[in-house]
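Engineer: According to UniProt numbering, the sequence shown is numbered sequentially starting from 1.
Where hints are given, some of them may not hold.
To be verified - Ranges between beta-carbon positions, derived for each pair:
no.	residue 1	residue 2	range
1	D118	L25	28 to 36 Å
2	P74	G107	22 to 30 Å
3	G38	A165	31 to 39 Å
4	R78	P28	33 to 41 Å
5	R134	L25	17 to 25 Å
6	G107	E71	31 to 39 Å
7	A162	D118	16 to 24 Å
8	G38	L109	29 to 37 Å
9	G115	R69	24 to 32 Å
10	V139	Q95	35 to 43 Å
Read the hints as simulated data drawn from the structure, not as lab findings. Every value quoted in this text rests on a predicted model; they were computed, and no experiment measured them. Where a beta carbon is used, it is the ideal one built from N, C-alpha and C, also for glycine.
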Amino acid sequence: MERVVVIGNSGGGKSTLARRLAARLALPCHEIDAILWGPGWVPTPVEAYEAEHDRLIAGDRWIIEGLGRRESVPRRLRRATDIVLIDLPLWRHFQLAAERQIAWAMGKLPHPPGGLGDMPPTESLFRTIDEVDREWMPVIRDETSRCATAGATVHRIQSLDALNAF
Numbered sequence: 001m002e003r004v005v006v007i008g009n010s011g012g013g014k015s016t017l018a019r020r021l022a023a024r025l026a027l028p029c030h031e032i033d034a035i036l037w038g039p040g041w042v043p044t045p046v047e048a049y050e051a052e053h054d055r056l057i058a059g060d061r062w063i064i065e066g067l068g069r070r071e072s073v074p075r076r077l078r079r080a081t082d083i084v085l086i087d088l089p090l091w092r093h094f095q096l097a098a099e100r101q102i103a104w105a106m107g108k109l110p111h112p113p114g115g116l117g118d119m120p121p122t123e124s125l126f127r128t129i130d131e132v133d134r135e136w137m138p139v140i141r142d143e144t145s146r147c148a149t150a151g152a153t154v155h156r157i158q159s160l161d162a163l164n165a166f
């Protein structure tokens, strides 16, 4: 594993898994939310995001986790040697995201997404989870399959047990 993409819907454990893999594999870990969002969950300018995204994927060894801008996903997947697709049922993403929101509200979230201090509005988060499930995940699954055919190693995780075992 040299260039690893950890991707999937919100609340699925991408960040936690990426940090653990990075420690085990001695790879630098980059969180897409950190380049996508500014304070107050304001999106960074497209040009700044694209420049930083392309700089990160040009590296030789890395773990990059998160979704980011939709148009950047295929480039990231195609550059990866390994793809970890966290593909849990939609209800599980809602459950885990709700648990994260509660922990965040209680000040017990050790690693907020993107290092942001402000919790995202729950309604917006849930709307995004639904949209990603309907509109993004079919495309991500297809692109992941193409990358597997081209030689990338793909790990598709579809349950919490599989996630914990990985």
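Engineer: Are the hints correct? Go through all of them and say.
Structural biologist: Going through the hints against the structure:
| no. | hint | in the structure |
| --- | --- | --- |
| 1 | D118 to L25: 28 to 36 Å | 31 Å, holds |
| 2 | P74 to G107: 22 to 30 Å | 38 Å, violated |
| 3 | G38 to A165: 31 to 39 Å | 36 Å, holds |
| 4 | R78 to P28: 33 to 41 Å | 20 Å, violated |
| 5 | R134 to L25: 17 to 25 Å | 33 Å, violated |
| 6 | G107 to E71: 31 to 39 Å | 35 Å, holds |
| 7 | A162 to D118: 16 to 24 Å | 32 Å, violated |
| 8 | G38 to L109: 29 to 37 Å | 19 Å, violated |
| 9 | G115 to R69: 24 to 32 Å | 18 Å, violated |
| 10 | V139 to Q95: 35 to 43 Å | 24 Å, violated |
Figure legend: structure checked against the earlier numbered hints; hints not met, in rising order: 2, 4, 5, 7, 8, 9 and 10.
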